[in-house]
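Student: All chains, full assembly: derive it from the sequences and hints.
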Amino acid sequence: MGLPVPPFATDLFGPEAIIMKGLNGLNWRISDYEARGGYQALRKILAEKIPPEQIVNEVKKSALRGRGGAGFPTGLKWSFMPRQFPGRKYLVCNSDEGEPGTFKDRDLLRYNPHIVIEGMIIAGYAMGTPVGYNYIHGEIWDIYERFEEALEEARAAGYLGKNILGSDFGFELYAHHGYGAYICGEETALLESLEGKKGLPRFKPPFPASYGLYGKPTTINNTETFAAVPWIILNGGEEFLNLGRPNNGGTKIFSVSGDVARPGNYEVRLGTPFEKLLEMAGGMKDGRKLKACIPGGSSMPVLPAHIMMETDMDYDSIAKAGSMLGSGAVIIMDETRCMVRCLLRLSYFYFEESCGQCTPCREGTGWLYRMVDRIERGRGKPEDFDVLNSVSDNIAGRTICALGDAAALPVKSFIKHFRGEFEYHMEHKNCLVPDYV
Amino acid sequence: MVLSPDALAKIDQAVTKYPPDQRQSAVMAALTIAQDEKGWLSTETMDFVAQYLGMPPIAVYEVASFYTMYDIKPVGKYKLAICTNLPCALQGANVAAEHLKNKLGIGFNETTADGLVTLREGECFGACGDAPVLLLNDKRMCCAMTPDKLDALLKDLT
Chain A
1 MGLPVPPFAT DLFGPEAIIM KGLNGLNWRI SDYEARGGYQ ALRKILAEKI
51 PPEQIVNEVK KSALRGRGGA GFPTGLKWSF MPRQFPGRKY LVCNSDEGEP
101 GTFKDRDLLR YNPHIVIEGM IIAGYAMGTP VGYNYIHGEI WDIYERFEEA
151 LEEARAAGYL GKNILGSDFG FELYAHHGYG AYICGEETAL LESLEGKKGL
201 PRFKPPFPAS YGLYGKPTTI NNTETFAAVP WIILNGGEEF LNLGRPNNGG
251 TKIFSVSGDV ARPGNYEVRL GTPFEKLLEM AGGMKDGRKL KACIPGGSSM
301 PVLPAHIMME TDMDYDSIAK AGSMLGSGAV IIMDETRCMV RCLLRLSYFY
351 FEESCGQCTP CREGTGWLYR MVDRIERGRG KPEDFDVLNS VSDNIAGRTI
401 CALGDAAALP VKSFIKHFRG EFEYHMEHKN CLVPDYV
Chain B
1 MVLSPDALAK IDQAVTKYPP DQRQSAVMAA LTIAQDEKGW LSTETMDFVA
51 QYLGMPPIAV YEVASFYTMY DIKPVGKYKL AICTNLPCAL QGANVAAEHL
101 KNKLGIGFNE TTADGLVTLR EGECFGACGD APVLLLNDKR MCCAMTPDKL
151 DALLKDLT
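Residue numbers (the numbering used here), protein chains in the order written: chain A, 1 to 437; chain B, 1 to 158.
It cannot be assumed that every hint is accurate.
List of simulated lysine-lysine pairs, DSSO-like, C-alpha gap at most 30 Å [as the list claims (entries may be wrong)]:
# : chain 1 : residue 1 : chain 2 : residue 2
1 : B       : K155      : B       : K77
2 : A       : K285      : B       : K77
3 : B       : K17       : A       : K204
Read the hints as simulated data drawn from the structure, not as lab findings. Quick caveat, the model's predicted, so the values are computed rather than measured.
Tutor: What follows is the structure, given as structure tokens:
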């Protein structure tokens, strides 16, 4: 199955899409966005002089939860901003998408950049932040350039700058690019990076709402979170909530990768059965059977097929099944895949990307990687299980940021669900399945 | 001058995005612009950026050495980074990486003897749906890189 080349069918992202609705790969410009009803939410707010508090309340009602990974309620986060605080306040969009398996913000920014811009302007209005930055993953340079072009269009049309659409509200928005550091997806590392420093996560508290960019109150949301805002304003928070499930409002873009016939982004209502999402992605590649799935990006626990096939795709259902929805990156592994090899690749990633600030993570990720590597090479011993679990437990929760937990969770879950494959490697010095990844 | 007037104009443009007392925020943009022009970041180039933005040189070295896409040692004319992370690996990245190593006769982090190509192993570029993905000179994303497409790409690198 080849890649969809623009122009593609406008229902490529699924029939339930509201954020990716009507996109064909070419219609990303401001005139296209306006023709789809774009910037109407902003116009409505400014024309009706809707009070900022009401916007925050509407977002609260929608049960929109952060789409970057943590799933924190967006309306609540917005209410933390001290609107009366004198001086500068900032709004930041986290488009530093580097969690293995996640590629939704890239499609969002290249095919629908103005929906993110409008969402950020509305957020800036609601929280009284006059300046925003969109931090874009350095590896997607062409998307950074496109976003800059979209910003120019928005400035020229009077949606950015002083006195937007003749009102007394002003908002300026800039694009900033990373240049290769997974850790900058962590919001305080991202702020350090925006300040022109190494991306080392900060101690929390203080949280960004009180001490953020340049030490000023700052709100950081994911790209997809901002993109949901215009729809919520136009249609109401309750309508958005009703698209999903209680506490899990709206639709979510799932990035499906790995052993499926049509890897890609699919936007579905939260609560959609996993089986249906898999079907949208064309089902399993070459008719093979599902073995395992990481439902929320590489940092989340892996789940075996029989649990996955009975799980619905929303925050609470996936948590109940023993994993997390995370960023919505669904990595599919079929029956031919060696789970030891899969874990090895992920463990190498966290070892490589640890910023080195905290000892448990800096040293522990190396231990995990080297031990899994030893098992993969057939030199593991049964007592390695205890050591792996103990190292994982001594990283998780003992570091400044969540990268430590992100390295530990895959190890524990791969061993929990696929212990037999690790044992096979130890006993037989080779792999249970014939085909390596 | 270490950098061309054109490069300086681009850096000046980047500086305007940040508050006047926060010129350091433009360091990532400035280093990117400098690397585009020079091919890699020598100490001389980094010192110039430091002076231009009013930063201590060590603060610029820290940034340049922290972010993986900055090169503080010379690299080939073309830098190929292929992602081998799990989603890409499931979709053929290891085959692609082996193919590149064989064709070029080098391993990861090595440069061909003629100085033409440097090969790197990349970590998630955030484009897993188009896997396997390859970055050419940091800025051009090449998608669904089968051995055939890799051959076609290598042919164009002269």
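Student: Hey, K285/A versus K77/B, does the alpha-carbon distance stay inside 30 Å?
Tutor: Distance of about 38 Å is beyond 30 Å: violated.
Student: Does K77/B sit within 30 Å of K155/B, going by the straight-line distance between their CA atoms?
Tutor: holds, 14 Å
Student: Hey, K17/B versus K204/A, does the alpha-carbon distance stay inside 30 Å?
Tutor: Holds, because 27 Å separates the two Cα atoms, which is no more than 30 Å.
Going down the numbered hints, you'll see the structure goes against just number 2.
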